[in-house]
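**Student:** Sequence:
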Amino acid sequence: MVKSGAMQTPLRFVSLFAIALAACAEAPKPMEAANCSADMAAFTDISAMRDHVRNRMAYPTGGGVDVDAIHAGLEARARQARTKTEQLRVMEAFVYQLGDHHAHLGRNDDDSPRLVPTGASVWIEPRGADLVVAEARPGSPARAGGLREGMVIDSIEGAPLSSLKPPPATVERADAMRAFAARVALAGTHNHDTNIIAHDANGSVAVTISEVLSGPDEPATLTWPAPGVAMIRLNNSIGSSALPPAFDKLMKEAGKASTILLDLRDTPSGGDTSVAKPLMSWFVKGSQGYQTHQRGAKTWTEQVTGRRDYFQGRLIILIDHWTGSMGEGTAIGLRSAAHAVLVGTSMAGLRGAIEGQDLPCSKVNFRLPVERLYEVGGGPRELAKPDVLVTESELAEAGTRDAVLERALRMAR
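Be aware that the sequence shown starts at 0, since it is given in numbering that gives the first Met the number 0, and climbs by one per residue.
These are calculated hints, taken from the structure and not from any lab test.
Restricting the straight-line Cα-Cα distance to at most 25 Å, the calculated cross-link-like pairs of lysine-lysine (DSS-like) are: (1) Lys276 <-> Lys297; (2) Lys276 <-> Lys251; (3) Lys362 <-> Lys83; (4) Lys384 <-> Lys276; (5) Lys284 <-> Lys248; (6) Lys276 <-> Lys255; (7) Lys276 <-> Lys248; (8) Lys255 <-> Lys284; (9) Lys251 <-> Lys284.
Derived DEER-like restraints, expressed as beta-carbon distance ranges: (10) Lys384 <-> Pro226: 26 to 36 Å; (11) Arg78 <-> Arg306: 56 to 66 Å; (12) Pro277 <-> Val170: 40 to 50 Å; (13) Gly127 <-> Glu405: 24 to 34 Å.
On a predicted model such as this, the values are computed, not experimentally measured, just so you know.
C-beta atoms are modelled at their ideal positions from N, C-alpha and C, and glycine is treated no differently.
Starting from the given sequences, assemble the full structure and let the hints guide the process.
**Tutor:** Encoded structure:
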């Protein structure tokens, strides 16, 4: 019995209509299984990487070259790779040729390149025909060995810089990719430090570029570098769920200061907004925008809501090239939402928010920026600059002293 209001249709008519419709429509094709045989696994994976870049990456490649050209250049090598190690090297070569420090793989071995900036101790920039030290990481063996800002790199592992093989690039992006290649080369691999020679007007130095050793086990530490001035340093912990409660505990003590210095110079690995927002809430009144997102056609400004007992004194944020990803987001967020002053050098300039996808054969997670990020005022996050710039000359003259902290303390006084 048919319910009131329903149209009755003879069963035979429905069947004939379905048959006719099926005849007109193309039958769906079954999904092809990925070809993960030993001679095809690497090619299948870099093909998936190419498609992921095409479909999801929010920026052009660092060198401005189409990803299809990158894929075509690696096809022969990928088809020759047989062992898992050889296959990993091909995938790493694909990532390298993207020319983006924020793109990386979720797996490595001893011969894999260290990530930049996490595993790097030196930041290089192009200056005409030269590649120059923009910053030697504070506390690094390279800095202790005499490497200083403004020095020109002469050789890496005994080879001239002309031996570098940067990612493919347009003419406009060629210098940027030379610097990218130098930063990767100087970072070394997980089992090999890099030896370089550099010079300035005072002469040459030979330095081994070693990875900076891990800092304190605590997610954050509190010191009092001057009367009434508290400094909280994050120890590369914005990805740790242990940070918010530890930060709360430190703020209970630091809240009596007139000025807080928030040191974000050890956040190269970035982190997560769910960890960063509880920190920011200590400095924000009401609800404020801290970072603008763009994914495809959709744009929105993420908000942070302050605590009732928020800190009402002065906030100065210390930044440098090892302020990365969510560290950069925290810095620009507090500049917008809490009127913080940023003191230091340029940050890591990591582009966008990243997401990962497991590759079909190796199951390695391939991560790349899928979302553009901006300051609330509109500028791209990766191009954000400090309000108070500590110059390369100041850094070099300070030697092993902390020039960024010294400048911040002068402001606090």
